[in-house]
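K.L.:
Those protein sequence lines, which keep their order, are chains R and W. Taking the working numbering, the leading residue of the first sequence gets 1, the next gets one more, and so forth. Taking the working numbering, the leading residue of the second sequence gets 375, the next gets one more, and so forth.
Simulated from the structure, these hints should not be mistaken for lab results. In this text, a Cβ means the ideal position worked out from N, Cα and C, and glycines have one as well. Possibly wrong hints are sitting among the right ones.
Claimed, not checked - Selected chain R positions facing chain W (Cβ under 7 angstroms, derived; list incomplete):
| no. | residue |
| --- | --- |
| 1 | Pro57 |
| 2 | Pro168 |
| 3 | Val170 |
| 4 | Ala208 |
| 5 | Val215 |
As the list claims (entries may be wrong) - Short, incomplete list of chain W residues facing chain R, as computed with Cβ under 7 angstroms:
| no. | residue |
| --- | --- |
| 6 | Ser386 |
| 7 | Asp576 |
| 8 | Ala715 |
Unchecked claim - Here are the computed lysine-lysine pairs in the DSS-like style, where the Cα-Cα straight-line distance is at most 25 angstroms:
| no. | chain 1 | residue 1 | chain 2 | residue 2 |
| --- | --- | --- | --- | --- |
| 9 | R | Lys74 | R | Lys104 |
| 10 | W | Lys727 | R | Lys236 |
| 11 | W | Lys477 | R | Lys261 |
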Amino acid sequence: MKKKSLLFAAITPVVLAILLCAGPPLAPAPVFGATPQPELRALFEGSKVKIIVGFSPGGGYDISARLTAKHLPKHLPGKPASVIIVNLPGGGGVRSLRALWGAKPDGLTIATFTPTHIMNELTGEGSEFWDTTKQYIGSMRRQKAGLALWVSRDVASSWKEVLALKRPIVEPATIPGDRLAAGAQLAEIMGYPVHVVYGYGGGAERRAAFERGEVTCYTGGLSSIIENFPHWAETKKAVPVFAWGGMPLLSPPQEQIEWLKKVGVTKEPPHIFEALNPSEPYRDAFRASTEIADVGRSGYALPPGVPEHIFQMWKDALKSLSQDNEYIKDMEVAGWTKDDFGYTSVEELMELFSAVKKLDPEGYKVFKKLSGAK
Amino acid sequence: MDVYLEAMLAASQHLFTKGPMLGVLIVLPVSLVSGLLPGGGLPVAVVILGFATYLDPWIAITSVVFAMAISDASEPVPCILLGVPGTRSSQATVLDGYPMAQKGLAGVALGASYTSNLVGGIIGAMALLLSLPIAREIVLWLSAAEFFLLSLLGVLAVAVVSAGAFVKGMLTGALGLGIAMIGFCPISGDIRATLGTEYLWDGFAFAPIVVGLFAVPEAIGLVMSGTPIARERMAAMLKESRADVYRGMRAAFRHFWLLIYSSLIGVFVGMIPGAGGSAAHWLAYMVARQTEKGARKTFGTGDVRGVIAPEAANNSVDGGVLVPTVAFGIPGSSGMALVLAILILGGITPGPKMLTEHLDMTISLVYTIVLANVIGVPIMLMFAPVITRVAAILPDVLGPIVIGIVTLTAYMATQSLTDLVVVLGFAALGIFMKASGWPRPPILIALVLGKTLEKYLWIAINAFGLRMLLRPQFLAIIVLIFLVIAIGIYTQRASERGRRQATNGAPR
Chain R
1 MKKKSLLFAA ITPVVLAILL CAGPPLAPAP VFGATPQPEL RALFEGSKVK
51 IIVGFSPGGG YDISARLTAK HLPKHLPGKP ASVIIVNLPG GGGVRSLRAL
101 WGAKPDGLTI ATFTPTHIMN ELTGEGSEFW DTTKQYIGSM RRQKAGLALW
151 VSRDVASSWK EVLALKRPIV EPATIPGDRL AAGAQLAEIM GYPVHVVYGY
201 GGGAERRAAF ERGEVTCYTG GLSSIIENFP HWAETKKAVP VFAWGGMPLL
251 SPPQEQIEWL KKVGVTKEPP HIFEALNPSE PYRDAFRAST EIADVGRSGY
301 ALPPGVPEHI FQMWKDALKS LSQDNEYIKD MEVAGWTKDD FGYTSVEELM
351 ELFSAVKKLD PEGYKVFKKL SGAK
Chain W
375 MDVYLEAMLA ASQHLFTKGP MLGVLIVLPV SLVSGLLPGG GLPVAVVILG
425 FATYLDPWIA ITSVVFAMAI SDASEPVPCI LLGVPGTRSS QATVLDGYPM
475 AQKGLAGVAL GASYTSNLVG GIIGAMALLL SLPIAREIVL WLSAAEFFLL
525 SLLGVLAVAV VSAGAFVKGM LTGALGLGIA MIGFCPISGD IRATLGTEYL
575 WDGFAFAPIV VGLFAVPEAI GLVMSGTPIA RERMAAMLKE SRADVYRGMR
625 AAFRHFWLLI YSSLIGVFVG MIPGAGGSAA HWLAYMVARQ TEKGARKTFG
675 TGDVRGVIAP EAANNSVDGG VLVPTVAFGI PGSSGMALVL AILILGGITP
725 GPKMLTEHLD MTISLVYTIV LANVIGVPIM LMFAPVITRV AAILPDVLGP
775 IVIGIVTLTA YMATQSLTDL VVVLGFAALG IFMKASGWPR PPILIALVLG
825 KTLEKYLWIA INAFGLRMLL RPQFLAIIVL IFLVIAIGIY TQRASERGRR
875 QATNGAPR
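Next up, chain R with everything else stripped away, as it sits in the complex (with noise of 0.2 angstroms):
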């Protein structure tokens, strides 16, 4: 017995200090920083959380909206009783701005804004409604492959048969500063046969529109185009003229090599700026509002005048969120591929901001050309 108690005492420091010295990595990782967590507890502890969506029901803001409502829970602190939606419509996001502008700061309000809420306060179009470094917490989508503008045979099949057009070719768009027709756009301002034809309602409008042939080219990304033209690979129908954004075309797995392989696509097509050889201001103002408008998408906003430590809990939340698996696998049922999801914090919003402001006012002319401003 004396024995046992001896070895007891004896094993017991050593495993002790094992546990302490290995613990912390084997713990799981904190979650929320240094923020007094007690206190965020007793904060989230049995509330509602409101997310408000400047859009109607229905829409790809709403479905992401959604989505993260029902994985948001389990990175809060304590344990919400709810995370709902509340749907405010109007003026493309505005009246959900003010609302969240007014709601109590006290970190249980967050709301959604668009890319085009952040290009308006950099083309001092702001909203008094809005201010992205006060506000913005993190955006959960960002396009990582590549976009090409395809033309359809039927007109031409090369960015040099395009130039001989004796008529434009014509691009789908939402509304003006719409990121799909940014190649196009710089195109047509570049005084190139491009004519972008605004007021389409959306990705779906858009691609019926070149299906019926109303328009001749469409912007998408290579996942997206094989998800709904999957008929070009016996109609031949379309062919990729230039290029721009992240991944190459022809770098993806091997079965959309093989389906590029049928439409007739085997080369790479050339870069944006290699087929329109724009000068370097219009690069860095093409640059600046393509990566805007992509690390915009799916962003989440505080009322004005949360205290620090919440701010930086909803950050951490947000972070850990787009990192989790369950999370990802409900976005990728609803269409996105991981190639166009992901955080992207304050901080590189900041140095994309700070490039913006470092354009000459060459570049910065085209910049607001490109972001819709008047």
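Dock chain W against chain R, hints included.
P.N.:
Using the frame of chain R, we list chain W on its own:
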């Protein structure tokens, strides 16, 4: 063909299981009640969307389509009994349904309307089922240029059916188009003519306008008249309410050809993205008015055929609007936007694959529409004799109740107190128009189609330029429009001639 039959079988196997059927049972009573109010089944569908991330996609999609389709079954009630168009559809039913109720024939109108709903819904679904293999091609055959013309045709059709007041109809239609231009511009993204009011950023909400323009003037008119809605055959209406409903059902079958072609108009016009769902019942009404024997004189005064045509088209349109929704991902109505969202949340991307890989899901949507009609219509027919009694309620009791309920519904549109100001403003306009014989429906259709019309005109000019004049489809619709205008002018002149003859013949 084997693939098609397999998909039909798979759709029924998915649909008729415990989960989707439970969803149907839960939404059934709520949707029937919500269909009575402006906004229809939309609020129920929004609630279902709230649960969609947790539900099996088959349960969610069946429930939401069922909710939208079954609320159509209750829509004729406010149209016929109160003269208030329920939602964006069913507006044309007011023109003949309400005068029928005033003549003590509410039961006949309800019976005819539900039977038309049922037959229209089934014909619509069947026509859609048969046309699915070529549905994409049908939609792709038309472009923005034709969508613009068809939207214009919708507005003109309403002006034409404004019983002998074609010019006034055109002018009120133009007023409606002007109101529709307020708010967010679909092309430039600018905010227009809002007078600095945040409320108008997205233009006027629809429900407060319907309430102001129709419900309030009708309720005030009712109270001032001092008589119940039914001004004739009150005793017979109360005594023979069930028999009246049967008479209405028989009347619908007696005009079976009208039922068939109105339903087909609903399906094919419904396929037009953006415009179809709102214009179909008006076009069916216009065609019936111009082709049915003696209809030019009797339509607008309580002709049962003026109820059958729009109600058949109104339900068959549900099948039509599914085509742009599932085959292209373009929602044909606000309800269909929710259907799209639930499909996407369930991992199903609307587009060409809905007619290949997910054909079973598409067919199950068609089945759900049929199911909603088969269940909803008999229930409403069962209650119709009781509902008919609303026409006998004393105006001092009914008037305030109607104003209270519809104003509350209008407030729910944007949950802003400004909704009530809008109700008041449009009520003043509605009372003036009613008193001075200006037709009110053209304002509604112009409001619904205004932004669509503007958008497609802009796109057509920019994408085609003058080349649009070379499109045979475009030219065919232009001819149709001239025909409609000619009919409108002819009807107006005939009506004026009739009035002059009546005045000349009158004793001095």
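K.L.:
Each hint should be assessed against the structure and marked as holding or not.
P.N.:
Now for the hints, and whether the structure bears them out:
Nearest Cβ of chain W to the Cβ of Pro57(R): about 5 angstroms, under the 7 angstroms cut. The hint holds. Residue-level restraint check for Pro168(R) is violated (minimum Cβ-Cβ distance to chain W is 11 angstroms; threshold 7 angstroms). Given hint, Val170(R) at the interface with chain W, holds; its Cβ is 5 angstroms from that chain's nearest Cβ, closer than 7 angstroms. Restraint check, Ala208(R) versus chain W: the minimum CB separation of about 5 angstroms is within 7 angstroms; hint holds.
Given hint, Val215(R) at the interface with chain W, holds; its Cβ is 6 angstroms from that chain's nearest Cβ, closer than 7 angstroms. Interface restraint check for Ser386(W): the shortest CB-CB distance to chain R comes to about 25 angstroms, outside 7 angstroms, so the restraint is violated. At about 5 angstroms, the closest approach between the beta carbon of Asp576(W) and any beta carbon in chain R falls short of 7 angstroms, and the interface hint on this residue holds. The criterion of a C-beta within 7 angstroms of any C-beta in chain R is met by Ala715(W), whose closest approach is roughly 4 angstroms, and the hint holds.
Simply put, Lys74(R) and Lys104(R) have alpha-carbon atoms about 23 angstroms apart, close enough for the 25 angstroms limit, and the pair holds. For the proposed pair Lys727(W) and Lys236(R), the alpha carbon gap of about 18 angstroms is at most 25 angstroms, so the pair holds. Taking the CA atoms of Lys477(W) and Lys261(R), the gap is near 71 angstroms; set against the 25 angstroms cutoff, the hint is violated.
Of the numbered hints stated above, those contradicted by the structure are hints 2, 6, 11, listed in ascending order.
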